[in-house]
Structures are given as C-alpha cells and as structure tokens.
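Enquirer: Chains A and B supply the protein sequences, listed in that same order. Residue numbers for the first sequence follow our numbering, so the first one is 125 and each next one is one higher. Residue numbers for the second sequence follow our numbering, so the first one is 4 and each next one is one higher.
FYI, nobody ran anything at the bench for these hints, they're computed from the structure.
Derived pair list, reagent style DSS-like, types lysine-lysine, alpha-carbon separation capped at 30 angstroms:
(1) B/Lys135 / A/Lys354
(2) A/Lys362 / B/Lys11
(3) B/Lys104 / A/Lys348
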Amino acid sequence: MKGGQVDARGGIQAGITSFLKEALSKGCFDAVMIPTRVPAGDSFAWILTDNEDLVAGASPLPPVMPVQGARALSSITKKGKAPAKIAAVMRPCEVRAAVELGKLKQVDLANVTLLSMDCPGVLELSTYLSDPTKGDSEFSRLLDKWDAESLRPVCRSCTHFSATASDIHLGLLGAQAERLYVMPLTPEGSRVTDALNISADQELDSWQAKVDEVRQKREEQRRKSEVELKERVEGTEKLLATLSTCIGCRNCMRVCPICYCRQCFFDSDALEGEVAAHLSRAERKGSLRFPLDTLLFHLGRMSHMSLSCVECGTCEDACPMSIPVGQIFSHVARRTQELFKYDPGKNRYEPLPLVTYEQDELHDFEQPYVKTYSGKGAADA
Amino acid sequence: MDAAFEPKLVGFLCRWCTYQAADLAGVGRSRYPANLVPIRVMCSGRVDPLFLVRAFLKGADGVFVGGCHPGDCHYIEGNLRARRRFGVVQTVFSVLGLEPKRLRLAWISASEGPKFTAQMKDFDAAVKKLGKNTAAAEVFL
Ligand code: SF4
Ligand code: SF4
Ligand code: SF4
Ligand code: FES
Numbered sequence: 125m126k127g128g129q130v131d132a133r134g135g136i137q138a139g140i141t142s143f144l145k146e147a148l149s150k151g152c153f154d155a156v157m158i159p160t161r162v163p164a165g166d167s168f169a170w171i172l173t174d175n176e177d178l179v180a181g182a183s184p185l186p187p188v189m190p191v192q193g194a195r196a197l198s199s200i201t202k203k204g205k206a207p208a209k210i211a212a213v214m215r216p217c218e219v220r221a222a223v224e225l226g227k228l229k230q231v232d233l234a235n236v237t238l239l240s241m242d243c244p245g246v247l248e249l250s251t252y253l254s255d256p257t258k259g260d261s262e263f264s265r266l267l268d269k270w271d272a273e274s275l276r277p278v279c280r281s282c283t284h285f286s287a288t289a290s291d292i293h294l295g296l297l298g299a300q301a302e303r304l305y306v307m308p309l310t311p312e313g314s315r316v317t318d319a320l321n322i323s324a325d326q327e328l329d330s331w332q333a334k335v336d337e338v339r340q341k342r343e344e345q346r347r348k349s350e351v352e353l354k355e356r357v358e359g360t361e362k363l364l365a366t367l368s369t370c371i372g373c374r375n376c377m378r379v380c381p382i383c384y385c386r387q388c389f390f391d392s393d394a395l396e397g398e399v400a401a402h403l404s405r406a407e408r409k410g411s412l413r414f415p416l417d418t419l420l421f422h423l424g425r426m427s428h429m430s431l432s433c434v435e436c437g438t439c440e441d442a443c444p445m446s447i448p449v450g451q452i453f454s455h456v457a458r459r460t461q462e463l464f465k466y467d468p469g470k471n472r473y474e475p476l477p478l479v480t481y482e483q484d485e486l487h488d489f490e491q492p493y494v495k496t497y498s499g500k501g502a503a504d505a
Numbered sequence: 004m005d006a007a008f009e010p011k012l013v014g015f016l017c018r019w020c021t022y023q024a025a026d027l028a029g030v031g032r033s034r035y036p037a038n039l040v041p042i043r044v045m046c047s048g049r050v051d052p053l054f055l056v057r058a059f060l061k062g063a064d065g066v067f068v069g070g071c072h073p074g075d076c077h078y079i080e081g082n083l084r085a086r087r088r089f090g091v092v093q094t095v096f097s098v099l100g101l102e103p104k105r106l107r108l109a110w111i112s113a114s115e116g117p118k119f120t121a122q123m124k125d126f127d128a129a130v131k132k133l134g135k136n137t138a139a140a141e142v143f144l
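Generate coordinates for the entire structure from the input sequences, incorporating the hints supplied.
Expert: Right, here's the structure in full:
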C-alpha cells in the first residue's frame, strides 16, 4: 500500500482533525460529518458542519459507537445526492455499511468522500456510560496499545478494522511517533491528497506489517470465540435458551444500519393472528409464550439481511437484555456471505447477491432427481 | 423412530410447474403422500425466506419448495432467486444446528407428475427419519 504522512503532534485525534480542517479550508469538501462529544460530556453524536473550529474540537475516533455512522449518513442522503461535497469520517465498519446502503439505495455516495481510519475497536456502550471518565482513559490506552480485553466482543474479533472501501484511509498502526499515514484509495482520495500537497508515493511497509499482526491476533480470537458461541447457540434448545430473555423491543433491528425497510414485516400486522387460532395453538402445545415469534424475528432478520451484515455490533450494544445478538449475527453472516463469496462493503460496484443470479450455481441446495419413482417401487416406497 | 409418526409437510409450489405436476400426480395413479399441504405460489421466486422459517417454527416437519427448472421460469429468474434465498435460509439453519434437512428445494416441471410423487415420498421418508420437529412443542418460540 502506498501513501504519505501528516503531522499528529497533538495526538492521533488531533492529527486527524487538523488534516480535516486543512482539507476543509482548502475547499476539498464543503462540510464534514463527524462524531463529536455531546454537551453533557458523556456520549458522542454525529454532526454535519462546515465550521473549522467544530471540526477541530470533534472526536473522529470516539470510544463508543452510539449511532452507526452509515445510519447518520443515510439520514442525510437518503433522498438523493448531496448538493455540496460532504466528507464522512467513519470507522471501517461504518464505511462498509455505507457502501452496502449505497447499493440498497439508502445512501447516495455521489457527492460524499469517505474517510476511514485504523480502528482499535470501541467499548461497550453500557460500560462506558457507567463511568465515562474511566472509559476515556481506557480508550486512550487502547489507541496506544491495541490490545483487546476491554473492547466489545464483536470488536475483539473484528478482522475488518483497517483500510476498506473508503476514498481515504488514515493509518495509525506502524506510524512513527506524532505522525499519521494518509492513503488515497480512489481517484477522489487522490484529489484530496493532491490538493493538500501530500505526496502519497511512499511504500507503507511498517503499516502493513502492523495491520497483519493485529489481524492475526483478531483471527485467533475469532476462532476462540466462535467455539464458545457455538456452545450457546447450536441447536433449537440452546438457541432458544440464549434468546429466551429477548423482550422483543426490536432495538437490535432499529439501530442496525442494514435493516432499513420502511415497512418492516415484523412491524406489520401480517403476524397478527386470530384469537381463536392463538388459543388452539396454545392448547395443542399445552402452553405458548406471548407475544409470539421471538425466534421468527431473529431467524427472519438473519435470512433477510445477513448477506450485508458488516459485523459492527451496534445491535448488541443496543440490546437491553445483553443478548449476544451481534456475535450471533456475525457468526451466521460469515457463512451466508461465504456462499456467494461476498464481502459486504468491500466493493461499491459489486452487486448484492440477491439481485444477481447464475444459471449454474448452488446445486448443493437442490434436491437431485429422485430415481425411485418408476413402476412399482414408487408405490411401495 | 415412532412407526406411527406421520410428518406434516408443507409445500410451496410454483403454479406453472410443480403445482401442476402435483395436480397431474393427483389425477394419475401416482398418489403423493396425503400429509402434504400444498400452497400455490405464482413463482418459486415469490417464496420469501420467512415463509420457510415460519412454517418450520409453526411445527411443519418438512418444508418443500418446488419450482420450474432453471431456464424455464415464467418470470425468467424467479427460480434462480429462489435458489439463492433458499441457500441463505438453509445455511442459517445449518449454522445454528436447526436441522437444515427439513427444508428441501427441487425443480419439477408441469409434466413430471410421477417425479413429483417420487420426490414427495422421498422427502416424507427423509423427514420420518428425522422424527418430529421439536419446534412444534417449544413454548418459548
Ligand atoms: S467492528 Fe469494532 S473494531 Fe471493527 S471496525 Fe467496527 S468498531 Fe472498529
Ligand atoms: S446485524 Fe448487528 S452486526 Fe450486523 S450490521 Fe446490523 S447492527 Fe451491525
Ligand atoms: S435488542 Fe435484544 S431484547 Fe430487544 S429485540 Fe433485539 S435481541 Fe431482543
Ligand atoms: S414460474 Fe415457476 S419458478 Fe418461476
């Protein structure tokens, strides 16, 4: 990977914001969408601003992810192309979700410059909120050490924490003290680095080596946690036990960047049955929990959107019952995506697996011709 | 295995092909198992993953999707879409250990009445081997 360097003397966050501030002042973009600390001080929110001072005071890498960036971007560009150039400063999983939403026509990327950075992960929202000061210092430590214990489980085994389908990627790993790497990944990215006179022709070997090292650790962690997760979800009984505390609040769905349907099936009255039908079903079974359809909701959501799940863990952060929804979805998503060799958010131009088909594929899922039918054999079979 | 166990089968059948094959099987002499509830759909591409999941959770012991052979779909790619969606649902079932073999997809054209019967008998036998769908008795679904 090739790139250049910029100054980060005031720390990583300040390095990123001063890069953005300069790009803004040189007219590389007209506004910046970036996380910033809320006035109360104990959380972070997205702002869209052209004010250089606000950009300078923003938090491009907050310790938590209360709102998935792709959702914020969708709320701005859902109805069409932005009339002015917006730089969206997001974590890799947010960029990937934005790319998926672009394909789903929920984000218009036409006038958006996507900026990502190496992501050390985020802390669990509830843990952070219980003591923000402690959370802040833990996160600065993480930015320095890149270890994983205090991260959300999904981040601990996230392997997509670095360069992704963004226009510009900022490399924190392997950089010299008080420096940041800047990698233009698209012509749009080069437009920005050119305007800022950053020569991006340096081979970034030390960055690559560090990224590989972290990725290896995360892959190892992933293998371990998948073994543990299987223990909790494999088989109807275990799956039900793990999901049985679900209160059906649908938070996981509402905060998920990928679940965008305006008229969600699970909110519709398609699921409302007649009283008599409920009674007879309960009677047949001996007893039945209401409201119904906890498992239908989760399995249905997986079947609908797991191909685009970017494993961001936002759902898990939002679950009031501490159900490992994000881990379960990410576990399932890896397998469904594998079917189509699809890596969501990786390539803006690769079509979604459910809008493109091949005549000759997936034969493993077809029941082959059953040969026993002819003659008498069939009648007695 | 309980010898008296009669599985409940649900079939989502494309009206242009498999549903007609079922009809043909019905009027011909090759009877298909009476425990199949056929549901007519306009095209296998109409079968939303939720249809399968819901039938399974409501206690169907086997859920079948029948469509036109690839290349023969009246809506060109409906069956190819069905196959992709089916692949996703069956994979979700496998990953979570939910007996993916209770779901089956096959292509049966309108003229293949005996083939439909054979397919259903085979499915019926396969499901009998799996036994009752435990979801049918679960309270906390
Ligand atoms: S899942 Fe976690 S570690 Fe991975 S990119 Fe998102 S926030 Fe960063
Ligand atoms: S299901 Fe969860 S992990 Fe997957 S994209 Fe949605 S919020 Fe992120
Ligand atoms: S957020 Fe948690 S409790 Fe709420 S619906 Fe999702 S899994 Fe259930
Ligand atoms: S019309 Fe039969 S599968 Fe599409």
